[in-house]
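Trainee: Chain residues, written in single-letter form:
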Amino acid sequence: MIEADSTAQPATKTVAPRAPVLNDFSITTATVNGSGCQTANNTLLRAIHKMGVPVCGKNIFPSNIQGLPTWFTMRVSKEGYLARRDQSEILVALNRATILEDIRQLAAGGICLYPVDVQLPLSRDDVTFYPMPVDELVKLSGAENRLKPYVANMVYVGTLAYLLNIDLAEIEAALSHGFSGKQKAIELNYATAKAAYDWAELHLTKADPFRVERMSKTQGTFLIDGNSAAALGSIFGGVQFVSWYPITPSTSIVDALSEYLPKLRREADGKATYSIVQAEDELAVIGMVVGAGWAGARAMTATSGPGLSLMAEFAGYSYFAEIPAVVWDVQRMGPCTGLPTRVAQDDILTAYTLGHGDGRHVCLIPASISECFEFGGAALDLAERLQTLVIVLSDLDLGMNLWPTKPFEFPTTPLDRGKVLSAEDLARLQGQWKRYADVDGDGVCYRTLPGTDHPAAAYFTRGTGHNEEAQYSERPEEWSANLDRLARKHDYARTIVPGPVVDSVEGAQVGLISYGTNDPAVQEARDLLKAMGVSTSYLRLRALPLERKLPEFIKTHQRVYVVENNLDGQMHALIQLHDPAEAGRILSIAKCDGLPLTACWVSESVLTREAKERA
Amino acid sequence: MTTTAKPASAVVNRIGLSRADYNGASSTLCNGCGHNSIANVIVGAAYDLSLDPTRIAKFSGIGCSSKSLAYFLGRSHSINGLHGRMPSLATGASIVNKELVAIGVSGDGDTGSIGFGQFKHLLRRNVDMVYIIENNGVYGLTKGQLSSTADLGQRSKHGGSNEMPPTDLCLEAIISGCGFVARSFAGDPRQLQTLLKAAFSHRGTALVNIISPCVTFNNGEASSKSYAWGREHQLPLHEISFLPLEHDEIQVDYEPGTVREVALHDGSILRLKKTDLEYDPTDRMAAITLLEEERAGQLFTTGLLYLDGGRQTLVEHEKLVDLPLVRLPNEKLRPSQEALDKINAEYL
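Those protein sequences? They're chains C and B, same order as listed.
1 is the number of the first residue of the first sequence in the numbering used here; add one for each residue after it.
616 is the number of the first residue of the second sequence in the numbering used here; add one for each residue after it.
Hints are computed from structural coordinates only; laboratory data are not their basis.
Warning: the hint list may mix true and false statements.
Said to hold, decoys possible - Below are the DSSO-like pairs computed for lysine-lysine, each with C-alpha atoms no more than 27 Å apart in a straight line: (1) Lys419/C with Lys263/C; (2) Lys184/C with Lys271/C; (3) Lys947/B with Lys271/C; (4) Lys271/C with Lys957/B; (5) Lys184/C with Lys148/C; (6) Lys263/C with Lys947/B; (7) Lys947/B with Lys934/B; (8) Lys947/B with Lys612/C; (9) Lys957/B with Lys406/C; (10) Lys735/B with Lys957/B; (11) Lys957/B with Lys947/B; (12) Lys182/C with Lys194/C; (13) Lys194/C with Lys206/C; (14) Lys889/B with Lys217/C; (15) Lys934/B with Lys271/C; (16) Lys530/C with Lys489/C; (17) Lys263/C with Lys735/B; (18) Lys263/C with Lys78/C; (19) Lys182/C with Lys957/B; (20) Lys947/B with Lys419/C; (21) Lys419/C with Lys434/C; (22) Lys182/C with Lys78/C; (23) Lys406/C with Lys217/C; (24) Lys434/C with Lys530/C; (25) Lys271/C with Lys217/C; (26) Lys184/C with Lys957/B; (27) Lys78/C with Lys139/C; (28) Lys489/C with Lys419/C; (29) Lys184/C with Lys194/C; (30) Lys549/C with Lys489/C.
Stated by the list, open to error - Looking from chain B toward chain C, a few residues come up when the C-beta cut is under 7 Å (computed): (31) Thr669; (32) Arg670; (33) Ala708; (34) Ser763; (35) Leu767; (36) Gly768; (37) Val830; (38) Val877; (39) Leu914; (40) Glu931.
The beta-carbon is built from N, C-alpha and C at its ideal position, and this holds for glycine as well.
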């Protein structure tokens, strides 16, 4: 045990004792990236989760490997709110470069943990400061030099555990989980966390109201990122071929596929029932995916905005030649290279209309871990059912952050392989079939796969104008008929994509429409609005094309606000086009600053607009 | 897509198909286009080898060459893709169905310019396919612009003359690790057909770069892509003959040391009879040296430039199950409920 440095500033107790704040606050750790802080943050997150308290973490990180500021925020909420908040009550200030701004940002009445050797650049009398003897504890840990920065993070884990009353046994269990049972790493890290805990117990006077107290609200749930869920969903959805090119924030989908496919989809002799090919660029990625889809495989890729731009050419090909393909677009900030490590929902219009000329694509928009898993399979089913490109619009917040979820549910429906004629089918049809004939009236035609053992199986796939028999055609009536049928197919898609989740409130004048990772902020905003006397209904979109029932929701409300995380109000524009008669009542609440929306911003935006609209 | 009544034909190949069963639609290319004769040669090679047309998949990009996919093997699935993107389509399709006999047809613009990256990476991966380049030095479909294989000094109708070094697609192929690199001439269908048969018998990418004159835009006598120039300058590296898998032992007396037999992956044999050139196609450096010398000397050697049958193909690299991926039943594609339970338990 080391002695407290006599020159260290003592915990300043500047506010009168307050009623305990249990399980309702946010923690921000401010560090530099590449310092191993992710382990520490995930340890705290998991420990709190395991104490039964709802918690969600968000990593606000730089596009950089080492040395730039990174923040991790944990929302601890007994109510189960998962959205980010604008301010935190608890700050772990380990980054000297940002400490001034970090302290300024801290909520009134909050606390700040800082290394004892740091001269605080700002004192606030509405904040409680706790020093931590980081260097001394690291020295005592006996860690070799290269591990010291990592072990240093355990000092704030231990100190916070003491201050917030986080069970040390849960810290140890979380470390064990994080290091997959690697005993040496677990022991080294835990010993440091424990030393910090003991030091804090001896030297710090708890002068703040924040506590974690055991609950039972997270039982039967676990924490996982959306990209891993997407990969698992795709695997249980029968993916056979993956091509990819590295791009933040989508790469961890492929990382998870590469981790799980060898475990789940190899035969006893070690041979694979799948293939993953890293391509030279996204042009080749989507070409391989379309080639594999044409040959009859369930094929996918994962990318983000810049990659999606490169895929535009083949997106049109997939639409027009009618070839199944799945693209997960984990959205980040655009335009251009934008902010690769910050979130946005800014590919809505691009994805829906990707490629030149006429054409629209089926898009799925997951809002939760469960939906990432579910849409992994659904996207592959829909792509084969509709013989077209399906784009799943996830985003960085959902894809890369840890969210609580119930266990994944085994799919209840068999794989949908769509309309494929086998050699036996062709024999029965006496070879009479047309590749682009709308036999069933749903706009979806029958196809054959290369290698089908029948002399009439072959057809000519092309991106040029074609007639029902897949022959080149420049005839105006054949062109029109083909595009009309594709529009009919898109209308059919409306009826089979995942429908919106609607919560209609009797008598509510305000309707909120949103999608994706805005969901937690919108849910919480509805509670805030309700407390202020504004009752709202809520419709969460889960797919494009927009479905036919949407106008009913719009019709039954005085004003409808479309809440989204982009500058242009992209979904708002699509909804206005979908329901032009009501366009004047469909209003946009949109913002894009690289961060997930907060409930306060949503509710305040609604109130401001309501005041204006009513005036 | 529809079966037409087959005319009774006495002459059929080993699998009972007539040569006409390998035909495609009528060509809409210019009369005399080199690509038309190549289409005929492909028909002949596939017929002679008794390839099952329903097992063949044809791939192309954009351009006159890519259009020609429609003019042969009408019973085979075709995908006429995007400009320069044929390699990625072929890669994806052939990896998920390794039983397909893949043939790609591309041009010098499609391969040597817009698709240069995909071309090189396909060779690096050694995708199992026959890759034909119909090389005429110009963009025909957009009316005669210069391509990257244009001769020094070649004039275009509107853009002046070419002062950039021409791209040598065979050299690029060898450098990229291609294990079968051949060059031929549309005006020499006999040699071309022999090389194509060997290409079909090779495992991995077999590149056949064919000088295929564009009679409309680049067939002047001075052009190295013209019929006249080709006929005058063609210099076969060997006299070649192809002995198919089921060949009878042909006993011909050759002078010792004048004939070399190369066994191909499917058991067939390519017989190379020496010419004055004394060329060893398994010597990579010799192939590179030859192509470098040609660049300076305006030579036009044809035949098998380079052969290395030892490289692992992409499908081999992926260690796939025996059945093609696309023929796996759905039960093989979805892991079990128990497997999911185990994953859930690991995260809990």
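Trainee: So if I understand the rule, the pair passes when the alpha-carbon distance is 27 Å or less; does Lys934/B with Lys271/C pass?
Mentor: Holds, at roughly 6 Å.
Trainee: Take the C-alpha atoms of Lys182/C and Lys194/C, compute the straight-line distance between them, and say whether it is at most 27 Å.
Mentor: 18 Å, holds
Trainee: Quick one, are Lys957/B and Lys406/C close enough, alpha carbons at most 27 Å?
Mentor: Answer holds: Lys957/B to Lys406/C is near 14 Å, not above 27 Å.
Trainee: Does the structure keep Lys947/B and Lys271/C at a Cα separation of 27 Å or less?
Mentor: Between Lys947/B and Lys271/C the Cα gap is close to 12 Å, so the pair holds against 27 Å.
Trainee: Does the nearest C-beta of chain C fall within a distance shorter than 7 Å of the C-beta of Arg670/B?
Mentor: Status holds, d = 6 Å.
Trainee: Compare the distance between the alpha carbons of Lys271/C and Lys957/B with 27 Å, and conclude whether the hinted pair is satisfied.
Mentor: 22 Å, holds
Trainee: Taking only the CA atoms, is the gap from Lys406/C to Lys217/C under or equal to 27 Å?
Mentor: Answer holds: Lys406/C to Lys217/C is near 12 Å, not above 27 Å.
Trainee: Verify the proposed pairing of Lys889/B with Lys217/C, using a straight-line Cα cut of 27 Å.
Mentor: Violated: Lys889/B and Lys217/C sit about 83 Å apart, past 27 Å.
Trainee: Under 7 Å is the threshold here; is the Cβ of Ala708/B close enough to any Cβ of chain C for the hint to stand?
Mentor: 4 Å, holds
Trainee: Next pair to validate is Lys419/C with Lys434/C; report whether the Cα-Cα distance is within 27 Å.
Mentor: Judged against 27 Å, a Cα distance of about 13 Å means the pair holds.
Trainee: Is the hint on Leu914/B kept, meaning its closest Cβ partner in chain C is under 7 Å away?
Mentor: With a closest approach of 33 Å, the Leu914/B hint is violated.
Trainee: Given Leu767/B as an interface hint, is the shortest Cβ-Cβ distance to chain C below 7 Å?
Mentor: At 29 Å from the nearest chain C Cβ, Leu767/B fails the 7 Å test, so the hint is violated.
Violated hints, listed in ascending order, are 1, 2, 8, 10, 14, 16, 17, 18, 22, 24, 25, 27, 34, 35, 36, 37, 38, 39, 40; each of the other numbered hints is respected by the structure.
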